[in-house]
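Visitor: Please model the entire structure based on the sequences and the hints provided.
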Amino acid sequence: METQRIVYNDKVVRQFLWASVLFGIVGMLVGIIVALQLAYWPANLAPYLSFGRLRPLHTNALIFAFVGNMLFSGIYYSTQRLVKARLASDLLSATHFWGWQLIIVAAAVTLPLGISTAKEYAELEWPIDIAIAVIWVVFAINFFWTLGKRREKHLYVAIWFYIATIITIAVLHIVNSFELPVSAWKSYSVFAGVQDAMVQWWYGHNAVAFFLTTPILGIMYYFLPKAADRPVFSYRLSIVHFWGLVFLYIWAGPHHLLYTALPDWAQSLGMVFSLMLWAPSWGGMLNGLLTLRGAWDKLRTDPVLKFLAAGVTFYGMSTFEGPLLSIKAVSGLAHYTDWIIAHVHGGTLGWNGLMAAGMFYWLVPRLYGTKLHSRGAANFHFWIATVGILLYVISMWVAGITQGLMWRAMNETGGLLYPNFVETLIAIRPMYWARLVGGSLYFIGFIIMTWNLIKTAQAGSAVDGEIEVPVLTEPRDKTVPWPKLVFGQPIMASVIVMALLFAMVLFDGLMSTVLALAAVMWIVAAIAISIRDRNSEKIPWHRAIEGRAGVFTVIVTLAILVGGIIEIIPLVISVPETIRTTKNVPYTPLELEGRDVYVREGCYTCHSQMIRPFTWETARYGEVSTLDDSIFDHPFQWGSRRIGPDLARVGGKYADVWHYKHMTDPREISPGSNMPPYDHLSQEALDFSKTANKLRVMRNVGVPYKPDQIQTAEEVARSNAATIAAGLAENAGVAICEEPSTDCELLVNSRMVALIAYLQRLGRVPADKPSAAADTKEVAP
Amino acid sequence: MNEVKRTDELQGEILHVYDDIEEADNNLPVWWLLTFYAAIAYGLVYWFYYHEYGIGKLPPQIHAEAIAAAEAERSIVTDESLDALALDESAVEAGQEIFMAQCFACHDAQGQGREGLGPNLTDKYWVHGGAPIDIHATVTNGVAAKGMPPWAPILGETGVNQVIAYVLTIRNTDVPGKGPEGEIWEPGGVVADDDASPKDTDEP
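Sequence lines, in order, name chains A and B. What the first sequence shows, in our numbering, is residues 1 to 781, in sequence order. What the second sequence shows, in our numbering, is residues 1001 to 1204, in sequence order.
Since the hints were derived computationally from the structure, they do not count as laboratory data. Please note: incorrect hints may appear among the correct ones.
Claimed, not checked - Listed next, the in silico DSSO-like pairs over lysine-lysine satisfying Cα-Cα at most 27 angstroms (straight line): (1) A/Lys186 - A/Lys538; (2) B/Lys1124 - A/Lys153; (3) B/Lys1146 - A/Lys583; (4) A/Lys328 - A/Lys11; (5) A/Lys328 - B/Lys1057; (6) A/Lys84 - B/Lys1005; (7) A/Lys226 - A/Lys149; (8) A/Lys11 - A/Lys371; (9) A/Lys298 - A/Lys706; (10) A/Lys226 - B/Lys1005; (11) A/Lys455 - A/Lys84; (12) A/Lys298 - A/Lys371; (13) A/Lys455 - A/Lys371; (14) A/Lys538 - B/Lys1057; (15) A/Lys298 - B/Lys1005; (16) A/Lys11 - A/Lys84; (17) A/Lys149 - A/Lys11; (18) A/Lys186 - A/Lys84.
The structure displayed is predicted, hence computed values, not measured ones.
Guide: Now the structure itself:
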């Protein structure tokens, strides 16, 4: 048989690998800085290095730069070998690599400058969003083109996970980035309030699913059996847990929004689908760990296996904790606290970080044709990293549960036991130091790894993998026409179950019960039929689609679209009606400018704007938040973490002077606070001539501004700012001025004034503002 | 793909081989499969319990009932009951503790007030009425226009009463601080600023 030689493109694998190591160091270093800032506020050295600006940099760097580069490296290495084909295009590979690094650099520059959309893990502004979409498409073309040139007919499970990753991330990123530009570096989300919250957490949750989980599972399925030199435990487990994950994950987004103003039906869907996700997630862990059967002894000596096995175990821990946290009652305690921080770091440090290290230790010696420089150093890295993770996670568990319990603690007569928010922060400060130590240990391990990898690479020289393959590739199996596969038995069975369940939701009472029972019986019958057919002679349906990359991709796409469509569309329909009936009114021009300052400074990284229906929460913050409160918010600012108190109804709670003094020196007003000082906002002038355009864009995304409001925006903003500044001058003797000067404490048209206007508006509509005379007459008894 | 089927002693028959990675085909662990089925069944039952038949109460309803129950339990407060509490040392002490934690920011450590923020509570002038019941109303409901938040939800009924007990002990101690604001109040009612003579009020 005539053969030919294929040389794999391992250059791009090496490039992504080193980029991952580099940005891992940068991202973790930023993580250490933000951890320090929470424990010790003076570490907020400059406005552009404050917590609110660096926290998005930390998350984006580690998700998209560290894990992103790592997964591109792993995907490109394993895919070429699993399909026996060189990457389709060197040009696309290089474009992918350099384009992605350019995006990372753009993120690292813009986020500290305060250029942010304030949507978590999607903070990058619209020009970068477009670049991400373009580079992602480059990646997709390169990948699918390679599949098209494959010499292996069937796709291995790792490739299924890569396909799901590419398709889903594209859908998530594009939809969540629907935004209208205001200027070159500023845009407003097209989604309003609750819509934006739903879309954002559909994205946010599934970025975790399809960026931090599915590609790494694919990588696990390649590198773990390779390193262990053992057969993968179960092909059928791969099938069940793959489709389980891909279909169910999408639905779980609303578990980030339990007890919020999101409609209850969506919250309940988020909760029950998260519980259903537990088993498919553990399916991945089991298939990984059971593959180690017969290789457990190697764990004692082989650092690669140590990292991979521990990584998979942390995956199991995180995917148990996730469903647990999605139970409404547990979320009530844990949401907005550091328990969530513990959870995500169990996943990122434990699963992503250890899997990355295991992969690097396995790959670098092979990519440079040599042996690992120091096994001892790698083992030391493993132990210091594990201890670091445990210290980090346990301290944040303690902090989260402590703070959650303190928030809800009530005294015997119904008052809050810890009415001052800052008490609950001071109580957990020791845990912030412990976390800093844990994170630093992990970072030290990572530095040791970097040194070890560099020494390894220096000892060898770059080699590209090669393989001898027959010239004649297997003829493509087109005997089964694609409609037979797309409309195959499993698909039709699933469609019928979904139709029955959907009808169940639409009907009430007895009819819904009948439909549910029919669905259950249908599922049982389908499983029975599949068991009966298992031993039949014909090629099983799943084996057939594994041979058809295009068909496989189409089915994955359909599976990931269902949940999102069902959860998002009802809100797209209902929100215009809410806008018609709401008593809320759009922000004044100055309040809108203040809101942009709030977004720019990343206030949402520490403050929520969502009061949940708990007595302890309404006692502390005021009435339960409603859909109307945030209906004109583009983007929504419900937040996900309370390092400071909720601000949903802070408007009118304190005087303007209070806010001015508090933002100038938080500790003068609130001793023990860890909020960074924002005194610089008093000196930063706003250009109100651009305000009208902001209102215009807001109107285009659906906020009912009237033409005359837009026309007079500049003038109204100026006069409102002048009123607030004059009040500060009169009541607190603040030296105000129109133009910057040496003895000026506060510019009239400054960001500070606009932010005060916004904060004073939160939670109340102008008509509700009580007159000064009215409120003392309401005597209680 | 390697067509020769091998059987591994632990993993069983090898079904497929990709890039030397062998793939076995063991049965799904039964306990794992049961947890999966149980979670799906739980999801259906949950949906029926809360959303189809409405047997379970959803969070907004639970909250509304809790608020209504608390409302029904409120007790009655009078000038006399507050004056009596001001003589109770433990209540005053507890009130002082609350004052230092909550009121300090605007009214300062001794209640002398801060420029631009809260008024002096140690003089005889009161902006929103100096009768104990007026102070109770001010603390309970706050004065939104002046930036004073409603304290009842935060301090609870007892807490509000305790902090008023403390405030009643520091009034007329004249700690130097923020200048006079509002009207003079003495037991019996508001008096005119200049001649200190009693004046009619509409207080309860």
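Visitor: Confirm or reject each hint.
Guide: How the hints compare with the structure:
Taking the CA atoms of A/Lys186 and A/Lys538, the gap is about 57 angstroms. The hint is violated against a cut of 27 angstroms. For a cut-off of 27 angstroms, the pair hint linking B/Lys1124 to A/Lys153 is broken: about 92 angstroms separates their Cα positions. Straight-line distance between C-alpha atoms of B/Lys1146 and A/Lys583 comes to about 25 angstroms, which keeps the hinted pair within the 27 angstroms bound. Only pairs whose Cα atoms come within 27 angstroms are accepted, and A/Lys328 paired with A/Lys11 is rejected, the gap being roughly 48 angstroms.
Between A/Lys328 and B/Lys1057, the direct Cα distance comes to roughly 12 angstroms. Compliance with the 27 angstroms bound is thereby established for this hinted pair. Under the criterion of a C-alpha separation no larger than 27 angstroms, the hint pairing A/Lys84 with B/Lys1005 is consistent with the structure, at around 21 angstroms. Taken as a hint, the A/Lys226 and A/Lys149 pair is honoured in the structure, with Cα atoms around 24 angstroms apart against an allowance of 27 angstroms. For a cut-off of 27 angstroms, the pair hint linking A/Lys11 to A/Lys371 stands: about 19 angstroms separates their Cα positions.
Taking the CA atoms of A/Lys298 and A/Lys706, the gap is about 71 angstroms. The hint is violated against a cut of 27 angstroms. Between A/Lys226 and B/Lys1005 the CA atoms are separated by roughly 19 angstroms; this keeps the pair inside 27 angstroms, and the hint holds. For the hint linking A/Lys455 to A/Lys84, the alpha-carbon distance of about 30 angstroms lies beyond 27 angstroms, and the restraint is violated. At roughly 17 angstroms between alpha-carbon atoms, A/Lys298 and A/Lys371 fall within 27 angstroms of each other, so this suggested pair holds.
Proposed proximity of A/Lys455 and A/Lys371 is supported: the alpha carbons are some 10 angstroms apart, at most 27 angstroms. Between A/Lys538 and B/Lys1057 the CA atoms are separated by roughly 51 angstroms; this puts the pair beyond 27 angstroms, and the hint is violated. The straight-line distance between the Cα atoms of A/Lys298 and B/Lys1005 is roughly 26 angstroms, inside the 27 angstroms bound, and the hint therefore holds. Proximity of A/Lys11 to A/Lys84 is assessed by CA-CA distance (about 17 angstroms); at most 27 angstroms being required, the pair is judged to hold.
For a cut-off of 27 angstroms, the pair hint linking A/Lys149 to A/Lys11 stands: about 19 angstroms separates their Cα positions. For the given pair, A/Lys186 sits about 45 angstroms from A/Lys84 by alpha-carbon distance, which is inconsistent with the 27 angstroms threshold.
In the structure shown, a violation is registered for the earlier hints numbered 1, 2, 4, 9, 11, 14 and 18, in ascending order.
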